[in-house]
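Chemist: Using the sequences and the hints, build the whole thing.
Chains P and F, in that order, give the protein sequences. Residues 1 to 146 (our numbering) are what the first sequence spells out, left to right. Residues 1 to 155 (our numbering) are what the second sequence spells out, left to right.
Because the hints were derived from the structure by calculation, they are not lab data. Here the structure is a predicted model, which is why all the values come from computation and not from measurement. Just to be clear, a hint being listed does not mean it is correct.
Lysine-lysine pairs mimicking DSS-like chemistry, simulated, CA-CA at most 27 Å apart [as the list claims (entries may be wrong)]:
hint, chain 1, residue 1, chain 2, residue 2
1, F, Lys78, F, Lys132
2, F, Lys16, F, Lys132
3, P, Lys71, F, Lys78
4, P, Lys71, P, Lys111
5, P, Lys71, P, Lys25
6, P, Lys20, P, Lys65
7, P, Lys111, F, Lys80
8, P, Lys20, P, Lys71
9, F, Lys132, P, Lys111
10, P, Lys111, F, Lys130
11, F, Lys16, F, Lys78
12, F, Lys78, P, Lys111
13, P, Lys25, P, Lys2
14, F, Lys82, P, Lys111
15, P, Lys111, F, Lys106
16, F, Lys78, F, Lys138
17, F, Lys82, F, Lys16
18, F, Lys152, P, Lys111
19, P, Lys2, P, Lys65
20, F, Lys80, F, Lys16
21, P, Lys20, P, Lys2
22, F, Lys16, P, Lys111
23, P, Lys98, F, Lys16
The primary structure of each chain is shown beneath.
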Amino acid sequence: MKVDIQRIEEGEESVVLRYKELTPKINRIIGILKDEEDRLWGRNDAGSVSVNLEAIYYVESVDDKIFAYTKEDVIRLEGSLNSFISEVRGDTFFRCSKSMIINVNKVSALKSLSSNRIDATMENGEHIMISRRYASDFRRLLRGYK
Amino acid sequence: MNEKKKISIWEAYLTKEIGIEFKACLYFFAILFLYCVFRIIEGDYSAQILHLAEMIFTCYIIGYIQVYCFGNFDEAEKLKGKEITGMIVCTAVYCVVSYFGGWFYKNLIYTLIFVAYLLLTYVCVFFIYKSKRQIDDKILNDELRLFQAEHKKSE
Numbered sequence: 001m002k003v004d005i006q007r008i009e010e011g012e013e014s015v016v017l018r019y020k021e022l023t024p025k026i027n028r029i030i031g032i033l034k035d036e037e038d039r040l041w042g043r044n045d046a047g048s049v050s051v052n053l054e055a056i057y058y059v060e061s062v063d064d065k066i067f068a069y070t071k072e073d074v075i076r077l078e079g080s081l082n083s084f085i086s087e088v089r090g091d092t093f094f095r096c097s098k099s100m101i102i103n104v105n106k107v108s109a110l111k112s113l114s115s116n117r118i119d120a121t122m123e124n125g126e127h128i129m130i131s132r133r134y135a136s137d138f139r140r141l142l143r144g145y146k
Numbered sequence: 001m002n003e004k005k006k007i008s009i010w011e012a013y014l015t016k017e018i019g020i021e022f023k024a025c026l027y028f029f030a031i032l033f034l035y036c037v038f039r040i041i042e043g044d045y046s047a048q049i050l051h052l053a054e055m056i057f058t059c060y061i062i063g064y065i066q067v068y069c070f071g072n073f074d075e076a077e078k079l080k081g082k083e084i085t086g087m088i089v090c091t092a093v094y095c096v097v098s099y100f101g102g103w104f105y106k107n108l109i110y111t112l113i114f115v116a117y118l119l120l121t122y123v124c125v126f127f128i129y130k131s132k133r134q135i136d137d138k139i140l141n142d143e144l145r146l147f148q149a150e151h152k153k154s155e
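Modeler: What follows is the structure in structure tokens.
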């Protein structure tokens, strides 16, 4: 994509976006320009869709693709788990294993397992394992230490 | 990234190793208690260094067997086939070593009591870990509710 940036001395600041197809990347740029930072753009079977961060239960990485799971939808997002976690603000999203990020606000119950693992039951009833490697950080997060 | 991975493997190994050391100490202490009781019953007020060395060595080896072969059965979620088999196998190994090591004067009744005592110890340790996890569940869920409430407030 060609990026043309001009500094102006007078007049109103403006952004003109010219695109051939409304890709998730373009949608994301539009989202930033419209100050929709709490929304993400992705794709599902119906095409390009936006999702509110709060509606996401968890994000999973499968074969180098990342998917956000909401109550009734699965949305394919651009980027990686690392880019997702660095993009979202706040500490409600937590990396709970190599391939998963959970929304702590969507956890309904926690269960302590052997070998210092934690089983998180999400509001939709799914069980997600917080591996031993991440469990200590998760406990610290809940206690308010990052 | 590689460095981070290396450290985490080392940390994982160290955590497991500390767990095995802890188990060795726990079961050594339990066996030592019974050893002392039998010694006192026999009117013998001294312990043999060789027996103690055998005990700690056996506890350490069985700790490895417990963790690597039988899925750490005393810390398991439920006592199923594999866990019960683990308990029986480990008890049998202790039993054989204790008999041939002469820990309990090669007395068959003492050895049988030792077997029952070990099985009881395993079951007790299993329930201790289970209740520890239940207390931990309560703490975790309280902390989760607090975290969620604070985040809702800040929104």
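Chemist: Run every hint past the structure and note whether it holds.
Modeler: Consistency of the hints with the structure:
1. F:Lys78 x F:Lys132: 14 Å, holds
2. F:Lys16 x F:Lys132: 19 Å, holds
3. P:Lys71 x F:Lys78: 32 Å, violated
4. P:Lys71 x P:Lys111: 22 Å, holds
5. P:Lys71 x P:Lys25: 24 Å, holds
6. P:Lys20 x P:Lys65: 24 Å, holds
7. P:Lys111 x F:Lys80: 20 Å, holds
8. P:Lys20 x P:Lys71: Given pair Lys20 of chain P, Lys71 of chain P is violated - Cα atoms ~32 Å apart, limit 27 Å.
9. F:Lys132 x P:Lys111: Holds, at roughly 12 Å.
10. P:Lys111 x F:Lys130: Satisfied, since the Cα-Cα distance of roughly 12 Å is no more than 27 Å.
11. F:Lys16 x F:Lys78: 20 Å, holds
12. F:Lys78 x P:Lys111: Measuring from Cα to Cα gives roughly 14 Å; hence the hint holds.
13. P:Lys25 x P:Lys2: 14 Å, holds
14. F:Lys82 x P:Lys111: Holds, at about 22 Å.
15. P:Lys111 x F:Lys106: Between Lys111 of chain P and Lys106 of chain F the Cα gap is close to 46 Å, so the pair fails against 27 Å, i.e. violated.
16. F:Lys78 x F:Lys138: Measuring from Cα to Cα gives roughly 19 Å; hence the hint holds.
17. F:Lys82 x F:Lys16: 20 Å, holds
18. F:Lys152 x P:Lys111: The hint holds at about 23 Å.
19. P:Lys2 x P:Lys65: Holds, at about 26 Å.
20. F:Lys80 x F:Lys16: Given pair Lys80 of chain F, Lys16 of chain F holds - Cα atoms ~22 Å apart, limit 27 Å.
21. P:Lys20 x P:Lys2: Measuring from Cα to Cα gives roughly 13 Å; hence the hint holds.
22. F:Lys16 x P:Lys111: Given that 27 Å is the threshold and the Cα spacing comes to 21 Å, the pair holds.
23. P:Lys98 x F:Lys16: With a Cα-Cα distance of about 20 Å, the restraint between Lys98 of chain P and Lys16 of chain F holds, given a limit of 27 Å.
When held up to the earlier numbered hints, the structure conflicts with 3, 8, 15 and fits the remainder.
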